[in-house]
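K.L.:
Each of the two chains sits in its own frame; use the hints to bring them together as a complex.
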Amino acid sequence: MKLASLRALNVERAARRAALLVTDLDDGSQRVVRETEIPGDPLADILSRHLASGRSGLVEADGRQFFLTVQAPTVRLVIIGAVHISQALCPMAAALDLSVSVIDPRTAFATPERFPEVPLVPLWPDEALAGPLPPLDRYCAVAALTHDPKIDDPALLAALKAGCFYVGALGSRKTHAARQERLLQAGLSPEQIALIAAPIGLNIGAVSPAEIAVSILAQIVSTLRAAHLRVAKTGAPA
Amino acid sequence: MLSTETDILNAAEAWRRGGRGVALATVVETWGSAPRPVGSHLVIDENGNFLGSVSGGCVEGAVITEALDAIADGRPRVIEFGIADETAWRVGLSCGGRIRVFVERID
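In order, the protein sequences belong to chains A and B. Positions 1 to 238 (full-length UniProt numbering) are the ones given, in order, by the first sequence. Positions 1 to 107 (full-length UniProt numbering) are the ones given, in order, by the second sequence.
In isolation and in its complexed conformation, chain B is listed as follows (with noise of 0.2 Å):
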């Protein structure tokens, strides 16, 4: 089963003992109808392989896009998604609702 938050941690403690670049996006905070909750995980690889969601589906491709930048810079970073924002509604976050998510490289 890879479902859990608990094991998409394990799987991004794998995949970076296994030698590849990663990261780790969380939800932190989220406004109206966000379809998962505060805390949930979406683990990313250098090639762009993941596990886990912090949306319906709807803004995974931004956060994978990002979770990219973030295994080649380094740096963390806060994003954005909702209503209240033009570029979100052409990624999609059609539920109306707003997430904040983290995006964090593994070293």
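One chain only, chain A, in its complex shape (with noise of 0.2 Å):
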């Protein structure tokens, strides 16, 4: 491998940035992919379909064998609310290989007790992203599950406006039309709203905090898959 496709592979990581490695097995001869650029390159659909799983693996074409490595950013999920549901869902997605992090100002709810091993920062959302946690960029998911307004819609401003590929909120439908009206009135356009996943969760009839834990995680895997997949289309950012 060439030093500068090496270069390339860790700075796209470091910037939390998609790309692929493309190595031709039989003469050794290699390029590197970014995301963008998946569009214009002659295996486009072969190498947004493993971005999509995150899967290295052999693929032939052309009558050659290549081999993909697929370097995806990690998933991060950030919850917001220290609740009962957060409890369920933090060790759920830690299976899923998700990079979980809770924020709750409330210094009741925001115990290492109730969250073992859980990163967890008792802040305001917005002073929680500005230093304790990085900022949120669209591999994160935002699952905002206070039911408080003062903290979810902070937390759902900053995941809109930051791209995230997940963006759910916990409440009725009547919550929900009551919170769509103030996330209007803070200045953001019908579109972007229309992203939130609300109620939140995949309809499966979810009861137990952990039945939606489930539902919710269920909904994250779903539409990463499925954003991956519109960008490699249209070549722009989901």
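Don't read these hints as lab results, they were simulated from the structure. It is possible that part of the hints are untrue.
Here's a subset of chain A near chain B, in silico, CB distances under 8 Å, partners left out [unchecked claim]:
#: 1; residue: L3
#: 2; residue: L6
#: 3; residue: L25
#: 4; residue: S53
#: 5; residue: G57
#: 6; residue: A94
Where a beta carbon is used, it is the ideal one built from N, C-alpha and C, also for glycine.
P.N.:
This is the structure in structure tokens:
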């Protein structure tokens, strides 16, 4: 591998942008394809499928064998609210290899006893995302679970502005209608607001906190895989 | 932490920039109960220092030998280990799986 290719992969990884390394196993020739360059690549369809699955692997094209090294940023799940559902959500999200953190300024909720081994930030969302946690980006999912507009709304605003691939908010349709009105007042467009998954989670009839956690994670995975495909087709961030 | 594929590629770049001869080994195919998934890396320098893994330690020695050859001659190569291969029994992929590893010099 050329040192420049290795450097390019490391730069993309550090910037939390996806990239693939395409290696021709017959002659050892290689190229780095950044996520935005996929639509212009001869193997565009294959590359976007592999990026969507997140898996490195061998492919055949034009009678040649290529190895694709897929380098996708670690997906983060930022949970707003150290609530009962979050307690169920954290270990399940970790099992899916999501990098989880929990934000809640209410110190009665945000205790290490309730959230062992989870990065827990007992601050308001804006404060938490301005240093204690890295800023949000499009490889982040944000789940707002406090039911409290003072805490959830600023997080939803930040998530939509940062282009997070998934933004979900707990609450009934009535609660969400009121929320939509507040977010419009706060300057978001109806299109941005429409990206919020609310009521949060796939409709699987979830009742218990653990079941709601399953429905939220299923929705996150489904959105993640679909988002990669959209990027590859249009060449623009989803 | 020197455990993730990221750290390994960062180390590969740093070692090369430091003037060392460096090779990168990547698992490109697995069959059966292979210990490390496709895409796993092992980085090796000209003195035989290494980081990461392509198996549970079973075939690292043989991969390092190939890597030193690749550093010397610059030729990328694909090597296979597995139960179908008598020599593989000697280097010992005892889990019964088979793996193919691509070894290349960092230029």
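K.L.:
Please name the hints from earlier in the document that this structure breaks, with their numbers sorted from lowest to highest.
P.N.:
Those not satisfied are hints 4, 6.
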